[in-house]
Each structure stands twice: as C-alpha cells, then as structure tokens.
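Enquirer: Here is how the chains run, residue by residue.
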Amino acid sequence: MAGETVLEVQGLHVDIPVASGVLHPVRDVSFQVRRGETLCLVGESGCGKSMTSLALMDLLPRAAVRRATTLRFLGEDLAQASRSRINALRGDRMAMIFQEPMTALNPAYTIGEQLIEHYRHHRGASPADARSRAVALLEKVGIASAAKRLGQYPHQLSGGLRQRVMIAMALMCGPELLIADEPSTALDVTIQAQILRLLADLQQELGIAMVLITHDLGVVARIADRVAVMYAGEVVEEGPATEIFATPQHPYTVGLLSCIPVPGHTPPGGKLGTIPGVVPSLVGDLQGCSFRDRCAHAQPGCSRTIPLRESQAGQQWRCVLSPEAEAAW
Amino acid sequence: MSAQLPAAVVLPELEAVPAAPAAWRQLLRNKALAVGGGMLLLLIVLAILAPVVAPYDPYVQDLANRTVPPVWYEQGAWLHPLGTDQLGRDYLSRLIYGARISLLIGLSVALISGLIGTTMGMLAGYFGGRTDMAVSFLVTTRLSMPVILVALATVALVGGSLWVVILVLGLLKWDRFAVVMRSATQQVRALEYVAAAQAAGASTARIVLTEVLPNVLPHLIVIATLEAASAILLEASLSFLGLGVQPPLPSWGLMISEAKAYMFFSFWLIAIPGTALALLIFAINLAGDGLHQVFMPHERS
Numbered sequence: 001m002a003g004e005t006v007l008e009v010q011g012l013h014v015d016i017p018v019a020s021g022v023l024h025p026v027r028d029v030s031f032q033v034r035r036g037e038t039l040c041l042v043g044e045s046g047c048g049k050s051m052t053s054l055a056l057m058d059l060l061p062r063a064a065v066r067r068a069t070t071l072r073f074l075g076e077d078l079a080q081a082s083r084s085r086i087n088a089l090r091g092d093r094m095a096m097i098f099q100e101p102m103t104a105l106n107p108a109y110t111i112g113e114q115l116i117e118h119y120r121h122h123r124g125a126s127p128a129d130a131r132s133r134a135v136a137l138l139e140k141v142g143i144a145s146a147a148k149r150l151g152q153y154p155h156q157l158s159g160g161l162r163q164r165v166m167i168a169m170a171l172m173c174g175p176e177l178l179i180a181d182e183p184s185t186a187l188d189v190t191i192q193a194q195i196l197r198l199l200a201d202l203q204q205e206l207g208i209a210m211v212l213i214t215h216d217l218g219v220v221a222r223i224a225d226r227v228a229v230m231y232a233g234e235v236v237e238e239g240p241a242t243e244i245f246a247t248p249q250h251p252y253t254v255g256l257l258s259c260i261p262v263p264g265h266t267p268p269g270g271k272l273g274t275i276p277g278v279v280p281s282l283v284g285d286l287q288g289c290s291f292r293d294r295c296a297h298a299q300p301g302c303s304r305t306i307p308l309r310e311s312q313a314g315q316q317w318r319c320v321l322s323p324e325a326e327a328a329w
Numbered sequence: 330m331s332a333q334l335p336a337a338v339v340l341p342e343l344e345a346v347p348a349a350p351a352a353w354r355q356l357l358r359n360k361a362l363a364v365g366g367g368m369l370l371l372l373i374v375l376a377i378l379a380p381v382v383a384p385y386d387p388y389v390q391d392l393a394n395r396t397v398p399p400v401w402y403e404q405g406a407w408l409h410p411l412g413t414d415q416l417g418r419d420y421l422s423r424l425i426y427g428a429r430i431s432l433l434i435g436l437s438v439a440l441i442s443g444l445i446g447t448t449m450g451m452l453a454g455y456f457g458g459r460t461d462m463a464v465s466f467l468v469t470t471r472l473s474m475p476v477i478l479v480a481l482a483t484v485a486l487v488g489g490s491l492w493v494v495i496l497v498l499g500l501l502k503w504d505r506f507a508v509v510m511r512s513a514t515q516q517v518r519a520l521e522y523v524a525a526a527q528a529a530g531a532s533t534a535r536i537v538l539t540e541v542l543p544n545v546l547p548h549l550i551v552i553a554t555l556e557a558a559s560a561i562l563l564e565a566s567l568s569f570l571g572l573g574v575q576p577p578l579p580s581w582g583l584m585i586s587e588a589k590a591y592m593f594f595s596f597w598l599i600a601i602p603g604t605a606l607a608l609l610i611f612a613i614n615l616a617g618d619g620l621h622q623v624f625m626p627h628e629r630s
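Residue numbers (this note's numbering), protein chains in the order written: chain A, 1 to 329; chain B, 330 to 630.
Same shape as in the complex, but just chain B:
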C-alpha cells in the first residue's frame, strides 16, 4: 500500500451535486411543464377530493330543475354554477366526478399498455434476433388494426363497462411503447456500460432492469403521458358511441352523448364537458411535451 502512485488529480472545486430543490426548479423553469403539470395537478386534486368539492350528488335527479343554464346566462343562478342536465343533475358535480373516470382511464390504460409494450420492446431491443422479429411481427400486426374499430367490436361483444373499456384499451395501446422502447433499448444496449456490467458478472435480468431500464425511463414517461391523453379521448369516443362507460356514470364522453339531443337549445350541455375534455388533453400533452424537453435535449452523457 506504500507504492508510489501518481498524485491525486486536484480539481479547483468540486462540482456540486444538484440538490433536490434545484432539480425541481429546473423542472419548473420549463413553461410547458409548469403550466401543463399545474393544470393536471389541479384536475387530479379536484378528482380525488370530488366528494368534498362537488356541491351535489352527481346522480341525484331533480326533474323540476332540468336544463337550468349556467350562471353566466340570464336564467342561471349560483345554486347550479354550471347548470343542470336534462335530468336535473348538477352539471358541475357531474363534471368533477367525470374527471375521476377520465383520469382513471388515462392512468390505468397507460399502466397496462406501458407494462406490455415496455416488456416487449425491451426484450426485442435487448435480445434482438428472433425475439426482435417476433415482437416486430406482433407490433405490425397490432398496427394494422384500427384501435377504435377493434375496441368497438370487442365492447359490443362483451358489453360496455368502465373496466372493459380500460382492459380493451390497455390491451390495444401498447404499440407505441413497444416501438419506442425497442429502439431506445437498442441504443443503450450497444453502450459499453452494458458490456461492463456483463464483465462485472451481472445476470441478464439484472442488466435489463437495473442498467438499461433507468436509462430508457425518460422515453417511457413521455410516451405514457401521450398515450394516457389518447386513451382518455378514446374512452370519450366510445362512451359517445354508447359502447363505453354506461349511464349513469358521469363520463365526459357520455355527458356529451346524452346531451346531443339538446345541443341546439342548451348548447352548454355539450360545450362544458367538451371544453373540460379539451383542457385535460391539452394539459397532459403540454406536460408530456415539457417532460420531453426536460429529459431529451441534454440527456446526461
């Protein structure tokens, strides 16, 4: 231990490891992420606190007060800030409870399809060869089927319910995860730290999970946000077509569908859930874009 070693390399000053608050500040400096994330956070809080925040039970009908317009109309009143629907249910309460369904759909579909797609993509990207061919075949097969048609057919056969919609969309929407994870894994796999981990005696499972996965995670998060938004839209479409979430659940798509007979006389009945849907999708996409900008341009190298 006494042998002469080259003198320690002395750097003028140690670069400070970014502390957690600094990392947060960096995330918030991205405007898209701050705005989109903020809107999303607000919606999530509202959805979770729905029983507290909502002024009425979203299922209670009041046939004496049907299609009361929102407060900004002349006949509107603060009793029902967003009015009531064709069965006299408070529209604000239904909207708040509807956010729960949309967020639940977005989250669970992203989770299920993310799990399937990431597993397939990473296996294909890491092992290549026959595994890659098999996965690529499955992906192209899946891409050749229009999601909405397959979902419609399945729901029509099985019968619509919230869980059926989640399952069907989750089992259909893994293609983008698989494609992106495959190419991201291929890139990481070729890097020397994977060979170094092998040389250090790590098992394949260990390498895939602890060496590759953390480095493809940014891609995964970005796609998950985009896929969640698309799943919410699909649920709304299915519900609008009467094959998604079943009444009386207050899904936003279903609210638009139920109100379509009244749209010429009570425009707000479709405008309000439509706007809410658009805002949610906007918020998720904005947050996804922001995450993309934060993660991708200066990937730590």
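Isolated chain A, as found in the complex:
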C-alpha cells in the first residue's frame, strides 16, 4: 500500500467568526493519503469531518478562514495556489462526492449534459468522446442501459442511481483524489452497501486515493486502510484500520467502538455502550483534551497540552494516559 503521497495535510485549522467569538470547527488536523489508499474520517455529527473535507476542496463558507502549515496535493501547495489553478484541479485531479444525491444533481439538466459538461470543460474533449466516456463510466458504476440514461433528468432516477451517477461524474476526468462526504448516508441500507462496495471496488481498480467521511464504523471496518477518529475538531486517534479496531488507544475511540452492536457478541436485549455527556462548544480559546468532560479516565493533567503518543504499528493518539495505564482498564 506504500504508494506516492497524494494528499498531505499538516496542521489544518478552520476558524469561523460567530457572534459569541471564534468558532474552531477544525483544529490542527494532520493526515496523509497515499495512492490506492482509503482514509476514513470518523466521528460523531459536528466533529468537523465535513468541514475538513470542504477545507480540502476549498469549498468552505465565505466567512470561514482556513490555515494550514502544509496542504499539499500531488506535491503542489494548495494554500498558495491561485483561484484559477484550484478550479483547474477541482473536478479534474480531485473530485468530491456529496452526501445528498437528491440535491447534488442540477434538476435543470439531463444526466448526460452534467456528466459531459465538466469533462469537456477540463479536457476540451469532443462531444462524441465525452459521451462515450460518460456511457462507459455509467456502465462501470453499474447502471443498466447507460446510453438511454444520458437523456434523463435527475428527478427520473432513484436515490441509489443518482449516487451512482454522482460517482461516475466524479470519475469522469480520472481524478487522483476522491473525497466522499458520507456518500451513503442519504440512501437506504441495502443501497448503502452497494454504493460502498462500488466505491471500494473502483478505488481498488483505479488506484486512486480516497478520503471517505462517515460516522458509520461498520463502513470503516470494511473499506478503510487508515482511520482518523475526529472529536470536537481534532483528530484524537489516527492509524491503520486494523490497529484502530484491534487496539483502540484513545478513550473516545474505545467509547465509539463499544457503541456498535457486534452480531454474536452483543446479547439480544443487552444495552449498547454510550458515551455520557455532550460535545463541548468549540467557540473561543480551547485548551487541553476536549473529551475530558465525558471521559471516565479524566485527571487534572487533561486540561493542559496533551502529548501525541505513537505506537510501534504507526498508531497515533492524543491522551495523557500512557499505553500501560490504558492497558490496565
């Protein structure tokens, strides 16, 4: 899996001025994604997953300010790139799949027009070439009678089909990086599985780097190579998926994993794990571990700067507890 690094993020911050101060939805987030690798960003609602993905694509709301020590895509510094350079990269080298397939397609155009438009815009291809590529990709994402679908409007397709069209659209220019922001959340469960399987297969086949944002740990377990667990705007734990699931180090990750029912292990009628308390407000100056108010192992040291710990297997986490102390629970 050791391909070339496609995306490198170091110290990514997003600040949004609000009435009561400055909101910090993303704080000091760092990760990298290599070619052919899937990184899953997990965390509960409002933890900054989507903000991170929007920051990568430079799609943040107008008021938001993005800062980063390094934001490098294929060796190119995105923070320094001009608007037109960003526009040339977006859709061509980096693509995004949105959460809501019902609104992510423009109702005024046919599927074909939308698939072809950006490909021709970026590649200057002829209509016939663009069309045949659109048909090929629609077939690739598993849409039957693709050529006929090109003439249909989004409202004539089901949610699952639309999400397949969105995936085909993202792949039109053959991107190096695919950011998928909860691509299956708006779909029903059987379709969710199909879409995720499709994404995983395509990612394997085309060898692209993928950042998948989700709050579904079941999804993560199936398709992630690496996992970054986000809490309150920070990555609290990051590492290879197998390590994270086998030996979660951060109390939040442990809490998250205990919330999932495991067939065969969780007794019927038994209670699932919960994490007490609510996510803290992210407005103003934030110090120390933001999970300390909900953590069973909180101690006075938690309000100071938290050390970044690292394991042999490449797992990183932010906690005052030493691995030995944690092993004792």
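The hints are simulated quantities; they were obtained by calculation from the structure and are not laboratory data.
Here the structure is a predicted model, which is why all the values come from computation and not from measurement.
Be a bit skeptical, because a hint or two may be false.
[Claimed, not checked] Partial pick of chain A residues on the chain B-facing surface, computed with a CB cut under 8 angstroms:
#: 1; residue: 60
#: 2; residue: 96
#: 3; residue: 122
Ideal Cβ placement from N, Cα and C applies to all residues, glycine included.
Since chain A is already given, all that's left is putting chain B on it; use the hints.
Expert: Below, chain B without anything else, positioned relative to chain A:
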C-alpha cells in the same frame, strides 16, 4: 477493467423522457394558460399583421365622418365596424395599431427591468454579505418611490415619447425582479449541486449562469408576465395624463384620453379601448397565473 462490480441495477422499465409534444399537452392542460395564452397569441398576431388586418390607415382623418358609431348602433355601418373617432379615423384600425404599442411597451419594459432586476437579485442572492446589503438598500430605496410619480416627473422634464416611456418604466420597474430573484437564488445557492459544480472546478460566472439561472428561470418568466401587464397599464395611465405616448400614435391610453370630452355622447370611444386594455391585461395575468401553476407546484425535484 475486469474487477467484480455490483450487478447493474435493473429497473422494470425505463421511464420515458417526456417528448416535446407531451410537454406541450401538459402546458395546454392548464386552462388558465390555454385561455390567457391563446388570447395573448391572437393579439400578438393581430399586432404583427396590423398593416394587413387593419381596414384603414390609422392616421387618415375623415372629418366628414366623425364619431360614427360602431356597427351594433343603429347609425353604425360595416364600413367602420368599430366606428370612427372625433377626427374621423377608423377606430378598429387604431385599436389594432394600438395593440402594437401596448405589446411593445410590455415586452421592452419587462426585458429592461428584468435584465436589471435579475442581475441585481442574482448577485445579491449568490454572493450575499455586502453585495446583498447594497442591493437590498437599492431595492428599498426604489420601493420608497411611487412609480407613477417618478415616471410623471421624469417624462414631464424630458418630454414624452414612446421610447422615453419605455426607458423610464424599464428603469423603474426592476424591484420585483430583484426581490424574487434574490430569494430564489438564495434557495438554489444552498443546494448541493452548486457546491458540486464548484468542486468540479466551474468558475463563479459559469455557476451563476449555467447552474443557478436555469433553476430560477420559472420565477423569472412568471414575474415578467405580471410586470409586462403592469407596464402596459402604466403606459396607458401616463398617456391618459398626456405625458406618455404623444398623438397621433394610437396608444390605447391616449385614445381614452382623447375621447374623454365625448364620453357622454359617444360612449364607445372610451369603452372600446378600455375593454381592449382590460382584455389584454386579463390575458397576460391569466397566462402568468397559468405559468405559475405549471412551473411552481411540482418543481422537478
């Protein structure tokens, strides 16, 4: 290319893409649109074909045959089906030529004000923030001035003519376009396909013109019809007050104004252009309502 992919989702049958004739049938199924549109179409055809359809030159005076009543009066004759006016000009011909002026006013004012209002509204709705504040300020400023007063004052200063009326009304009537386009654009802007277009590398101009505009177009068309009707009425009012279209042009408002001295003896002189005006406004409003019903209730989602 040989990797295992999930089997294609097979639907029982492909939904047919509505062909053009079916779309027309759907438009015509709306009665308001069919009736209003039909009346409007008839008027437009009459106006365009005025030189062919009108029995007389609308400017030729025949002082021997003044205020001849229409054919349904005892003294009326088929020579002048709608009679003649106080200068002996054939009233039917003047009415037909007058339709040209009314339609021209309606269309050009809707175009000019639509262009101004849509540009301002879409900029405000798309960019928000300071742009929105500036546009909202302009709109409220404009709304605080009564159109008819400003139009009267301007025309009185500059002097009335058809083009002055069109320009003044066009520059005054953009407020509703701006208000509606602003809120419609705000709604569309928040939808994910706009973000998706950004993520696909489209420039702002491209997004506004090719992603947002087609989706706010139904609102635009509906307002354009209503504003056209209101502009026609305003022109008639201005002409009636003597500050709009100047004689001898056969504007309907002007015809009413010129005939007002005779209304107690030759009632038809004001009744006929008045009715024509009312019918035109009725037709436009009906068509606008119909378009509204066709476009708005089941916006494609």
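Enquirer: Would the stated hint for residue 96 of chain A survive a check requiring a Cβ distance to chain B of less than 8 angstroms?
Expert: holds, 4 angstroms
Enquirer: Does residue 60 of chain A pass the interface hint, meaning its C-beta sits closer than 8 angstroms to a C-beta of chain B?
Expert: violated, 11 angstroms
Enquirer: With a cut-off of 8 angstroms, does the beta carbon of residue 122 of chain A approach a beta carbon of chain B closely enough for the hint to hold?
Expert: holds, 6 angstroms
Hint 1 from the list above is the single one not met by this structure.
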